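Going line by line, the protein sequences match chains A and B.
For the first sequence, this note's numbering assigns the number 1 to the initial residue and increments by one for each residue that follows.
For the second sequence, this note's numbering assigns the number 169 to the initial residue and increments by one for each residue that follows.
Keep in mind the hints are simulated off the structure, nothing from the lab.
Incorrect hints may appear among the rest.
[Stated by the list, open to error] Taking lysine to any residue pairs in the SDA-like style, the calculated list, with each CA pair at most 25 Å apart, reads:
#1 433(B) with 349(B)
#2 433(B) with 350(B)
#3 187(B) with 50(A)
#4 125(A) with 278(B)
#5 273(B) with 216(B)
#6 616(B) with 558(B)
#7 433(B) with 541(B)
#8 36(A) with 275(B)
#9 349(B) with 157(A)
#10 125(A) with 299(B)
#11 601(B) with 50(A)
#12 165(A) with 312(B)
#13 643(B) with 157(A)
#14 53(A) with 233(B)
#15 541(B) with 43(A)
#16 273(B) with 186(B)
[Stated by the list, open to error] Chain A is faced by these chain B residues, among others (derived, beta-carbon under 10 Å):
#17 190
#18 210
#19 212
#20 273
#21 311
#22 315
#23 378
#24 483
#25 549
#26 674
[Claimed, not checked] Sample of chain A residues with no beta-carbon within 10 Å of chain B, all distances over it, derived:
#27 35
#28 41
#29 54
#30 64
#31 65
#32 83
#33 86
#34 110
#35 111
#36 123
#37 164
#38 168
Predicted, not measured: the structure shown is a model, and the values here were computed from it.
C-beta atoms are modelled at their ideal positions from N, C-alpha and C, and glycine is treated no differently.
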Amino acid sequence: MFIIYYTKMNKIILRSLLFLGLLSHAQSPLPSIELKTLSGQFINTDDIASNNKLMIVSLWATWCVPCKNELDAVAEVYEDWIEETNVKYFAISIDDSRTSKRIKPMIDGKDWEFEILLDENSELKRSFGVSTVPFTVIVKDGLVVYKHTGYTPGYEDELYEELLKFSE
Amino acid sequence: MLTCFVFAQEETKETSIFKHFKNNLSASYESNTQWYLNDSKFGDFEEEEHLRSTNFLRLDYSISNQFSAGIQLESYAPENLLNNSKLYDKDLGVATYYLRYATKKLDITLGYFYEQFGSGLILRAWEDRALGVNTAIRGARLIYYPSNSIKITTLYGKQRKGFEVSDGDIFGVDAEIDLSKTLGILSSNSLVLGLSYVGKNESYTKADETNTTDIPELVNAVSARLDYTHQNFYTNIEYIQKSQDLRLNNIIPNVVTFSENETFKGSAISWTAGYSQKGFGVSYNFRRLENMRWFSERAQSNANNNPTNQLSVNYLPALSKQHDYTLANIYLYQSQPGLFIESYETPLIKAGEIGQFIDVFYNIKKGSFLGGKYGTKINLNMSYWASLASDFSDPTGIPYFVSDNLTYETEFINFKNKLYTDLNLEVRKKWSKRLKSIFTFINLYYNKSILESKIDNNSVRAWIGVADGTYKFGKGKSLRLELQHLSTNDDARNWMGGTVEYFFNSKFGLYVNDSYNYEDSKIDQDTKIHFFNIGGSYTKGASRFSINYGRQRGGLLCVGGICRPVSQNTGVTINFTTAF
Numbered sequence: 001m002f003i004i005y006y007t008k009m010n011k012i013i014l015r016s017l018l019f020l021g022l023l024s025h026a027q028s029p030l031p032s033i034e035l036k037t038l039s040g041q042f043i044n045t046d047d048i049a050s051n052n053k054l055m056i057v058s059l060w061a062t063w064c065v066p067c068k069n070e071l072d073a074v075a076e077v078y079e080d081w082i083e084e085t086n087v088k089y090f091a092i093s094i095d096d097s098r099t100s101k102r103i104k105p106m107i108d109g110k111d112w113e114f115e116i117l118l119d120e121n122s123e124l125k126r127s128f129g130v131s132t133v134p135f136t137v138i139v140k141d142g143l144v145v146y147k148h149t150g151y152t153p154g155y156e157d158e159l160y161e162e163l164l165k166f167s168e
Numbered sequence: 169m170l171t172c173f174v175f176a177q178e179e180t181k182e183t184s185i186f187k188h189f190k191n192n193l194s195a196s197y198e199s200n201t202q203w204y205l206n207d208s209k210f211g212d213f214e215e216e217e218h219l220r221s222t223n224f225l226r227l228d229y230s231i232s233n234q235f236s237a238g239i240q241l242e243s244y245a246p247e248n249l250l251n252n253s254k255l256y257d258k259d260l261g262v263a264t265y266y267l268r269y270a271t272k273k274l275d276i277t278l279g280y281f282y283e284q285f286g287s288g289l290i291l292r293a294w295e296d297r298a299l300g301v302n303t304a305i306r307g308a309r310l311i312y313y314p315s316n317s318i319k320i321t322t323l324y325g326k327q328r329k330g331f332e333v334s335d336g337d338i339f340g341v342d343a344e345i346d347l348s349k350t351l352g353i354l355s356s357n358s359l360v361l362g363l364s365y366v367g368k369n370e371s372y373t374k375a376d377e378t379n380t381t382d383i384p385e386l387v388n389a390v391s392a393r394l395d396y397t398h399q400n401f402y403t404n405i406e407y408i409q410k411s412q413d414l415r416l417n418n419i420i421p422n423v424v425t426f427s428e429n430e431t432f433k434g435s436a437i438s439w440t441a442g443y444s445q446k447g448f449g450v451s452y453n454f455r456r457l458e459n460m461r462w463f464s465e466r467a468q469s470n471a472n473n474n475p476t477n478q479l480s481v482n483y484l485p486a487l488s489k490q491h492d493y494t495l496a497n498i499y500l501y502q503s504q505p506g507l508f509i510e511s512y513e514t515p516l517i518k519a520g521e522i523g524q525f526i527d528v529f530y531n532i533k534k535g536s537f538l539g540g541k542y543g544t545k546i547n548l549n550m551s552y553w554a555s556l557a558s559d560f561s562d563p564t565g566i567p568y569f570v571s572d573n574l575t576y577e578t579e580f581i582n583f584k585n586k587l588y589t590d591l592n593l594e595v596r597k598k599w600s601k602r603l604k605s606i607f608t609f610i611n612l613y614y615n616k617s618i619l620e621s622k623i624d625n626n627s628v629r630a631w632i633g634v635a636d637g638t639y640k641f642g643k644g645k646s647l648r649l650e651l652q653h654l655s656t657n658d659d660a661r662n663w664m665g666g667t668v669e670y671f672f673n674s675k676f677g678l679y680v681n682d683s684y685n686y687e688d689s690k691i692d693q694d695t696k697i698h699f700f701n702i703g704g705s706y707t708k709g710a711s712r713f714s715i716n717y718g719r720q721r722g723g724l725l726c727v728g729g730i731c732r733p734v735s736q737n738t739g740v741t742i743n744f745t746t747a748f
């Protein structure tokens with residue numbers, strides 16, 4: 001009964017979803033969004049993409065425990081990743097004014113070597129169509145070639161396997 | 169043979185058109201469904217609709233390098249989830265849409281857009297689906313970059329009100345100037361200046377026609393902010409002033425009337441200073457808010473009718489540490505930004521808040537005695553928040569704050585009316601390649617009488633301890649165990665809680681969680697009751713499916729710094745999200 005009810009309610013949306021299912025594995029360009037640096041200067045994702053052949057863009061927040069676990073885990077192996085694949089890791093915080101003041105002391109306190117940028121009003125998050133963080137994508141030559149939502153312990157190994165597929 | 173060839177060629181052409189289309193389209197879908205059940209402890213679920221679902225479908229299409237367009241469909245069937253705003257009331261409707269033209273110099277949006285000036289204290293149009301908030305503005309926005317160091321934003325529109333828009337109009341201008349680039353300061357320094365203006369215009373008809381007070385239909389706010397970084401040192405300051413506006417007359421809680429004899433100004437100041445270097449970071453923050461609640465329809469300032477803060481022009485979150493653990497989320501500070509005069513039952517007056525917090529992060533190096541093989545990460549966080557010290561006066565001498573002539577004066581710096589303090593210590597330690605742990609200790613004071621407008625003199629002193637350990641078995645298999653305890657002799661007294669979470673691989677996991685208020689207490693809610701939850705999730709790429717069954721606490725629910733009262737409930741929750 002529950003299933004029938006549920007299907008009825010979502011009929012229209014589910015139908016369009018079926019159509020959209022055909023669109024999966026699309027290699028769309030990285031959305032063009034203005035972000036901020038930690039010192040308040042603006043920077044566009046286009047400029048980042050054109051300057052970096054292979055990069056990981058990861059949305060995170062200071063209040064998100066799985067995000068911090070992911071970044072802590074990657075931080076430990078980041079040097080090896082750079083050496084092997086020449087990747088650059090952009091950790092983009094979606095913290096708003098409630099918590100954004102914690103970002104700077106946190107990343108230094110944690111000794112993270114990532115490029116940190118701010119998406120204060122979740123513009124990039126919305127463009128990715130994401131409702132929860134962490135959300136991680138691999139961008140090659142400006143195209144989003146891999147997407148992943150969430151973090152579970154040990155996932156960084158899988159991310160690295162994916163990364164190897166796209167490095168030359 | 170020939171026809172075959174032609175057919176094949178056509179197909180290639182079609183495929184490439186489809187490919188082009190799909191490469192330029194991005195889509196996402198989110199569905200949240202709740203099925204409310206009767207509960208042996210709370211009793212039956214009393215509302216009519218037990219099964220409710222909210223759905224969001226968002227499509228963005230880039231037409232060319234400059235043009236893009238998008239639409240968001242939303243469905244609330246048969247109605248919005250429990251505790252969410254009833255303004256979102258359609259089975260299926262077009263919620264937002266836009267057409268955008270963007271080049272390096274110019275960025276124009278027609279339709280709905282989101283925006284934030286500075287930290288959002290003056291203006292923030294945003295979306296948070298978990299909170300059921302969407303304050304997008306429908307109108308036009310123009311962003312112009314005269315040079316690579318100056319950004320000017322102008323906008324006009326009406327704010328989203330469910331599937332309608334607000335009565336009031338909003339217009340704003342913001343200029344952001346990177347002075348370090350403009351003035352050619354060294355690269356180790358940076359100086360960014362921001363200036364904003366936001367106006368809200370809304371007609372007003374006086375209830376008392378004989379009243380001669382000048383009641384402004386246009387409320388103006390101006391702000392200035394500065395971000396300065398010098399090597400490892402950084403600071404940020406922001407100041408906002410809001411012009412005279414009416415205040416609510418709270419004689420009957422749900423009836424919206426305004427006090428027409430006096431109007432009041434508002435202001436906000438926020439200051440941060442910090443120092444950080446590799447392995448160590450510290451930041452100090454101060455904020456003072458006075459009469460800063462601001463809505464695109466003034467009637468929405470009645471919190472009884474609008475507990476979810478719909479149509480808010482600005483963003484005024486609580487600045488205290490945000491917690492993930494269930495017991496750490498029972499006594500949370502909620503910001504007190506508004507002028508609030510409650511003249512029913514026990515009278516209560518608030519004009520705003522003042523407070524500060526400090527954050528220290530330290531990484532004990534690998535190889536040292538305390539650092540061990542992998543290093544130890546420490547975070548210490550303290551906050552103190554108080555109600556503004558104010559003197560209220562009424563020339564007519566009518567008691568219980570019921571008179572429309574009431575005015576007030578506040579002291580600029582006075583921390584005496586303590587509402588909330590906390591001290592948080594978090595230690596993250598990795599023991600081996602497989603085992604990691606997080607220890608959290610919290611000590612807090614919570615002034616329940618004022619924060620929750622409760623009549624009796626009721627404050628809570630509590631401490632909370634959490635131990636959280638994760639063991640990795642390899643190949644994505646992992647086990648997480650979490651134990652929590654909350655100790656207090658006040659309110660609902662002691663709680664204990666725990667979570668067991670197991671991931672079979674990096675895609676599929678299950679968890680059980682329980683919070684148990686195991687002591688008898690004076691209050692009737694939450695006493696000797698288990699809040700048991702069980703659930704699981706499956707993730708593949710950018711798609712996630714999760715299901716949960718259990719009992720949710722009533723009271724204040726705070727997510728992302730915004731708190732609202734929720735009723736306790738038991739049920740099944742299903743979430744599905746995907747993005748292409």
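Going down the list of hints, with the structure as the test:
Taken as a hint, the residue 433(B) and residue 349(B) pair is broken in the structure, with Cα atoms around 36 Å apart against an allowance of 25 Å. A C-alpha spacing of about 35 Å is found between residue 433(B) and residue 350(B), which places the hinted pair above 25 Å, so the restraint is violated. Restraint check for residue 187(B) and residue 50(A): the C-alpha separation of about 23 Å stays at or below 25 Å, so the hint holds. For the hint pairing residue 125(A) with residue 278(B), the CA-to-CA distance comes to about 20 Å; that is within 25 Å, so the pair holds.
Distance check on the hinted pair: residue 273(B) and residue 216(B) sit about 53 Å apart at the alpha-carbon level, beyond 25 Å; violated. For the proposed pair residue 616(B) and residue 558(B), the alpha carbon gap of about 20 Å is at most 25 Å, so the pair holds. Restraint check: the Cα-Cα separation between residue 433(B) and residue 541(B) comes to about 57 Å, which exceeds 25 Å; the hinted pair is violated. Between the alpha carbons of residue 36(A) and residue 275(B) the distance comes to roughly 17 Å, so the proposed pair stays at or under 25 Å and holds.
As the CA atoms of residue 349(B) and residue 157(A) are separated by approximately 41 Å, the hinted pair breaks the 25 Å bound. Distance check on the hinted pair: residue 125(A) and residue 299(B) sit about 16 Å apart at the alpha-carbon level, within 25 Å; holds. At roughly 37 Å between alpha-carbon atoms, residue 601(B) and residue 50(A) are farther apart than 25 Å, so this suggested pair is violated. At roughly 40 Å between alpha-carbon atoms, residue 165(A) and residue 312(B) are farther apart than 25 Å, so this suggested pair is violated.
For the proposed pair residue 643(B) and residue 157(A), the alpha carbon gap of about 9 Å is at most 25 Å, so the pair holds. Distance hint between residue 53(A) and residue 233(B) is fulfilled; the C-alpha atoms sit about 20 Å from each other, no more than 25 Å. With a C-alpha separation of about 38 Å, the suggested pair residue 541(B) and residue 43(A) falls outside the 25 Å cut-off, and the hint is violated. With a CA separation close to 31 Å, the supplied pair residue 273(B) and residue 186(B) exceeds the 25 Å bound.
The closest approach between the C-beta of residue 190(B) and any C-beta of chain A is roughly 4 Å, which is under the 10 Å cut-off, so the hint is satisfied. At about 21 Å, the closest approach between the beta carbon of residue 210(B) and any beta carbon in chain A exceeds 10 Å, and the interface hint on this residue is violated. Interface restraint check for residue 212(B): the shortest CB-CB distance to chain A comes to about 19 Å, outside 10 Å, so the restraint is violated. For residue 273(B), the interface hint is violated, the least distance from its beta-carbon to any beta-carbon of chain A being 12 Å, above 10 Å.
Taken as an interface hint, residue 311(B) checks out: its beta carbon lies about 8 Å from the nearest beta carbon of chain A, inside 10 Å. Against a cut-off of 10 Å between C-beta atoms, the interface hint on residue 315(B) is violated, since the closest Cβ of chain A lies about 12 Å away. Because the closest C-beta pair between residue 378(B) and chain A is about 43 Å apart, greater than 10 Å, the hint is violated. Against a cut-off of 10 Å between C-beta atoms, the interface hint on residue 483(B) holds, since the closest Cβ of chain A lies about 6 Å away.
With its C-beta approaching chain A no nearer than about 8 Å, residue 549(B) sits inside the 10 Å limit, and its interface hint holds. With its C-beta approaching chain A no nearer than about 5 Å, residue 674(B) sits inside the 10 Å limit, and its interface hint holds. Once the 10 Å rule is applied to beta carbons, residue 35(A) is consistent with being away from chain B; the minimum gap is 13 Å. Against chain B, the non-interface label of residue 41(A) is violated: not every CB pair exceeds 10 Å, the least being about 5 Å.
Residue-level check passed: residue 54(A) sits 19 Å from the nearest beta carbon of chain B, beyond 10 Å. Listed as outside the interface, residue 64(A) is inconsistent with that label: its C-beta sits roughly 8 Å from the nearest C-beta of chain B, within the 10 Å cut-off. Listed as a non-interface residue, residue 65(A) fails to keep its Cβ farther than 10 Å from every Cβ of chain B; the least gap is roughly 5 Å. Under the 10 Å C-beta cut-off, the non-interface status given to residue 83(A) relative to chain B holds; the minimum distance is some 19 Å.
Interface exclusion of residue 86(A) from chain B stands, the closest Cβ pair being 23 Å apart, more than 10 Å. Remark: the non-interface label on residue 110(A) conflicts with the geometry, its nearest Cβ contact in chain B lying 6 Å away (cut-off 10 Å). Chain B draws residue 111(A) into its interface by the beta-carbon criterion, the shortest separation being 5 Å against a cut-off of 10 Å. Against the 10 Å criterion, residue 123(A) falls within the reach of chain B, whose nearest CB is about 7 Å from its own CB.
Consistency note on residue 164(A): stated as away from chain B, and its beta-carbon is indeed over 10 Å from all of that chain's, at 16 Å minimum. Annotated as non-interface, residue 168(A) keeps its C-beta farther than 10 Å from every C-beta of chain B; the closest such distance is 22 Å.
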